[in-house]
Amino acid sequence: MKPKKKTIGLLIYLGLLMIPLYWMLNMSLRSNADILASFALYPKDITFVNYLKIFTDSSWYMGYVNSIIYVTMNTIISLTVALPAAYAFSRYQFVGDKQLFFWLLTNRMAPAAIFALPFFQLYSAIGLMDTHIAVALAHCLFNVPLSVWILEGFMSGVPREIDETAFIDGYSFPRFFITIFIPLIRAGVGVTAFFCFMFSWVELLFSRTLTVTEAKPIAAIMTRTISATGLDYGLLAAAGMLTIVPGILVIWFVRNHMAKGFALGRV
Amino acid sequence: MARIELSEIAHSYLPNPKEESDYALKQIHNTWEDGGAYALLGPSGCGKTTLLNVISGLLTPSNGRVLYDGKDVSRLPPEKRNIAQVFQFPVLYDTMTVFGNLAFPLQNRGLPSSKITQRVHEVAEILDLTPFLKKRAAGLAADAKQKVSLGRGLVRSDVAAILFDEPLTVIDPQLKWDLRRKIKEIHEQLKLTFIYVTHDQVEALTFADKVVIMYEGEIIQIGTPQELFENPEHTFVGYFIGSPGMNFLECTLDGNVARVDGAGITLDEKTAALGLKASGKLEVGIRPMYLKLRFEPVEGGVPAQVQAVEDQGSYKIVALTLAGKTLRARLPEGKPVPDGKVWLVFPPQWIRLFADGRLIK
Amino acid sequence: MEKWANNKAWFLVLPVVIIVAFSAIIPLMTVINYSVQDIWGPGQSVFVGTEWFEEMLGDKRLHDALWRQFLFSGLVLLIEMPLGVLIALAMPKRGWGVSACLVTIAIPLLIPWNVIGTIWIIFTRPDIGLFGAGINNLLGIAFDHTARPLDAWITLMLMEIWHWTPLVILLAYAGLRAIPEAFYQAAKIDGASAWAKFQYIQLPKMRGVLTIALLLRFMDSFLIYAEPFVLTGGGPGNSTTFLSIYLVKIALGQFDLGPGAAFSLIYFVIVLLFSFMFYQALQRVGKGEKG
Numbered sequence: 001m002k003p004k005k006k007t008i009g010l011l012i013y014l015g016l017l018m019i020p021l022y023w024m025l026n027m028s029l030r031s032n033a034d035i036l037a038s039f040a041l042y043p044k045d046i047t048f049v050n051y052l053k054i055f056t057d058s059s060w061y062m063g064y065v066n067s068i069i070y071v072t073m074n075t076i077i078s079l080t081v082a083l084p085a086a087y088a089f090s091r092y093q094f095v096g097d098k099q100l101f102f103w104l105l106t107n108r109m110a111p112a113a114i115f116a117l118p119f120f121q122l123y124s125a126i127g128l129m130d131t132h133i134a135v136a137l138a139h140c141l142f143n144v145p146l147s148v149w150i151l152e153g154f155m156s157g158v159p160r161e162i163d164e165t166a167f168i169d170g171y172s173f174p175r176f177f178i179t180i181f182i183p184l185i186r187a188g189v190g191v192t193a194f195f196c197f198m199f200s201w202v203e204l205l206f207s208r209t210l211t212v213t214e215a216k217p218i219a220a221i222m223t224r225t226i227s228a229t230g231l232d233y234g235l236l237a238a239a240g241m242l243t244i245v246p247g248i249l250v251i252w253f254v255r256n257h258m259a260k261g262f263a264l265g266r267v
Numbered sequence: 001m002a003r004i005e006l007s008e009i010a011h012s013y014l015p016n017p018k019e020e021s022d023y024a025l026k027q028i029h030n031t032w033e034d035g036g037a038y039a040l041l042g043p044s045g046c047g048k049t050t051l052l053n054v055i056s057g058l059l060t061p062s063n064g065r066v067l068y069d070g071k072d073v074s075r076l077p078p079e080k081r082n083i084a085q086v087f088q089f090p091v092l093y094d095t096m097t098v099f100g101n102l103a104f105p106l107q108n109r110g111l112p113s114s115k116i117t118q119r120v121h122e123v124a125e126i127l128d129l130t131p132f133l134k135k136r137a138a139g140l141a142a143d144a145k146q147k148v149s150l151g152r153g154l155v156r157s158d159v160a161a162i163l164f165d166e167p168l169t170v171i172d173p174q175l176k177w178d179l180r181r182k183i184k185e186i187h188e189q190l191k192l193t194f195i196y197v198t199h200d201q202v203e204a205l206t207f208a209d210k211v212v213i214m215y216e217g218e219i220i221q222i223g224t225p226q227e228l229f230e231n232p233e234h235t236f237v238g239y240f241i242g243s244p245g246m247n248f249l250e251c252t253l254d255g256n257v258a259r260v261d262g263a264g265i266t267l268d269e270k271t272a273a274l275g276l277k278a279s280g281k282l283e284v285g286i287r288p289m290y291l292k293l294r295f296e297p298v299e300g301g302v303p304a305q306v307q308a309v310e311d312q313g314s315y316k317i318v319a320l321t322l323a324g325k326t327l328r329a330r331l332p333e334g335k336p337v338p339d340g341k342v343w344l345v346f347p348p349q350w351i352r353l354f355a356d357g358r359l360i361k
Numbered sequence: 001m002e003k004w005a006n007n008k009a010w011f012l013v014l015p016v017v018i019i020v021a022f023s024a025i026i027p028l029m030t031v032i033n034y035s036v037q038d039i040w041g042p043g044q045s046v047f048v049g050t051e052w053f054e055e056m057l058g059d060k061r062l063h064d065a066l067w068r069q070f071l072f073s074g075l076v077l078l079i080e081m082p083l084g085v086l087i088a089l090a091m092p093k094r095g096w097g098v099s100a101c102l103v104t105i106a107i108p109l110l111i112p113w114n115v116i117g118t119i120w121i122i123f124t125r126p127d128i129g130l131f132g133a134g135i136n137n138l139l140g141i142a143f144d145h146t147a148r149p150l151d152a153w154i155t156l157m158l159m160e161i162w163h164w165t166p167l168v169i170l171l172a173y174a175g176l177r178a179i180p181e182a183f184y185q186a187a188k189i190d191g192a193s194a195w196a197k198f199q200y201i202q203l204p205k206m207r208g209v210l211t212i213a214l215l216l217r218f219m220d221s222f223l224i225y226a227e228p229f230v231l232t233g234g235g236p237g238n239s240t241t242f243l244s245i246y247l248v249k250i251a252l253g254q255f256d257l258g259p260g261a262a263f264s265l266i267y268f269v270i271v272l273l274f275s276f277m278f279y280q281a282l283q284r285v286g287k288g289e290k291g
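Residue numbers (the numbering used here), protein chains in the order written: chain A, 1 to 267; chain B, 1 to 361; chain C, 1 to 291.
Just chain A, same shape as in the assembly:
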């Protein structure tokens, strides 16, 4: 009897989780005029006009391209620098290790709003304003510490005898690290990449502050629909639906390790 009650509770929760998403889907399949004219629980005349506009207007679809470019850049940079550092934290004791680790974490906890203005000035000064790399670097502020943290958790789970054996067998550090160690924690690397992707993808403040037109992310472009002729709800909903797609794709790849990743590799 009891397991049934649990399942019903779970299904209610999942239902409530999906309703706002369903509503956005509903809106995205109706024209703006239709939306404002009548209230409907489901689209009576399904129209793809909103999606069509996004896919044909370069100022719209370039937003997605821009987001994907800087998110990818950020993921690559974060992983490249975080892997050796996480190894150092999980294996070695060195002067200032604890302080350094804490300092890194404070950046994950710092209010992004603090950095918005200085970033604007910093990247303007070095001529990187409105480029993908500027956003990618800015997102490193929170993604690199997070990557180090998650990877360190996964690496600590690998027994150190493996390293010792490899060094005794005459492996050089880079060769050991790339051919033996990284494959051992590939689930951790995948999960970390997922998190870098996720946090870079969902962030708005930096990406909006540091871009004007050339590298403007989809999230920032969406705020555009609020001007001119009032809100175009249909278009807004369609753009929103499309931002969910990449997320669902990456979740699918890491679904088996996701829970462990959210626990920062520490279960």
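In short, the hints are calculated from the structure, not lab data. Bear in mind that the values here come from a model prediction, so they are computed numbers and not experimental data. Please note that the accuracy of each hint is not assured.
[What the hints assert, rightly or not] Capping the alpha-carbon separation at 30 angstroms, the derived lysine-lysine pairs in BS3-like fashion look like this:
| hint | chain 1 | residue 1 | chain 2 | residue 2 |
| --- | --- | --- | --- | --- |
| 1 | A | Lys-5 | B | Lys-80 |
| 2 | A | Lys-98 | C | Lys-205 |
| 3 | B | Lys-115 | A | Lys-4 |
| 4 | B | Lys-115 | C | Lys-93 |
| 5 | A | Lys-6 | C | Lys-249 |
| 6 | B | Lys-135 | C | Lys-197 |
[Claimed, not checked] Rough simulated footprint, nothing fancy, chain C against chain B, three-plus residues with beta-carbon under 8 angstroms:
| hint | region |
| --- | --- |
| 7 | 72-80 |
| 8 | 104-115 |
| 9 | 187-197 |
[As the list claims (entries may be wrong)] If we take Cβ atoms under 10 angstroms as the criterion, some of the chain A residues that face chain C in the derived model are:
| hint | residue |
| --- | --- |
| 10 | Leu-16 |
| 11 | Met-18 |
| 12 | Pro-43 |
| 13 | Lys-44 |
| 14 | Asp-45 |
| 15 | Tyr-61 |
| 16 | Ala-86 |
| 17 | Tyr-87 |
| 18 | Arg-108 |
| 19 | Leu-117 |
| 20 | Met-129 |
| 21 | Val-144 |
| 22 | Pro-183 |
| 23 | Ala-237 |
| 24 | Thr-243 |
For each residue, glycine too, the CB sits at the ideal point set by N, CA and C.
Got chain A; can you put chains B and C on it based on the hints?
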């Protein structure tokens, strides 16, 4: 306390088992006498833990019935069976004190608190845990934690049997011996039915009155340690018990002589007569400690080549080649070490004959 | 598990230090620089000492925003933590349902934060939103998050719970799955009730992951910006103006660099203080769990 009967038990983890290999337990039919100290011995993956879980009720077997003192408990959950189990690694309620841990099973059964306190103190005394009662369970050493796990079973005065699932796995070697002796002592004191699962033969042989050997989901022999050693009913038992295990040589019978690749080993009349009636692949088996080495040709001696000699401290193990197979012989300390060619003597009273892996008797 | 003492490990962490220092230290220096000057044009500034700090510390609107922020974070933790644990307990343990649940539950976490705001605007507007229209028309209760502070708070809390409870669920679920089966078996044998099982096995074993959840949820709710910015813009009035929204208003909206910078530093110190407390707690829990 109870006598536990397993009737035609078989279990498969698959929903629709078809072949024999789908079964973790194939056909188990036996009785565990009240107050016995049993060891359930076998290699990893032979179904020991599955059988234990069937007895405790954590698993409901696909087929067959479990009876406690003649009462069918097959469908009863563990808490209704009055069984206690000690797991491979210590399972404790970390946030409670040792007292809390020991009292927990009684509290769940709604006993009055004065009775609980009295029982917990009695059990703590038996297990030497009295000084730790007020400590948090999480802070204890591994062996003390296992004692607490055991104590949670002992506090229940109605407990029918206590099951141990390789309880010494995480204990330091020097403490293993102490804890094992403690368990044995408690058995003698309380006369409860103990079933002790292990893959370590030394543990099994020193702990139990009766050892139950499992192999590929079946019980292949139940006996005292001596019976298992002298009369293994299956080549697996011969090979698994004793270190090193029994020697086996494939042979054909010629009267009362077993022929092994030309060489002849004389058997006693009774064994030979039984052997002639048996069918299937025949093998002679002999324990390394009964194999005699001679430096010169002797009557009934079989020539063999010495391969290696291993010093084990109080004795030496000699590896020999005979008919392309390796045999091992145990050489007591102080005997001259052989080299090159030797002659082996097989004393007939220690030779066992097996047909298709089963002892002929 | 002694770690190898080797200061050469610094070479391995150097790239991280450089990249984070570039993104963290230079901007921080700028902020500190601004916080002690009055700037009224390019190259025109004067040193004012702690004046901006004094002004901001005495700013009533900042006080209001701070209390609002604590109330918000407190409510978030109070609702999301138990709810997350409850849902995690209800999730299936094996089979195809696990993947299906995990993927579905994680979806809100991968939606850009401003899109979350958008979803909830569309969902709660009294004219076109299912929720808004439903409450107004079916229940006959006037509900408008753009006009009434209480409605704005309710909407914001619903959105926040919808958005972030999944994180708590995933963490709690990871913790639950890591509990060896033997603990449940022992509890069964000991005749423990479901509540006793939760209290003495599941909850203690989840302590580590729940601390991480608490830490992350506190931080992120304390730093919240994009979602209320999109949904309510801080209104109606100032009823949902949280610290980040107020800060951006001052620094980027009014371009009051000095007060903005001072505000930033005060904000940072508050967060740092809490971070440190949580970090210490986390370390202690980490040791307790492993030992």
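Check each numbered hint from earlier against the structure, then list the numbers of those it violates in ascending order. Result: hints 3, 4, 5, 9, 12, 13, 14, 15, 20 and 22 break, sorted rising.
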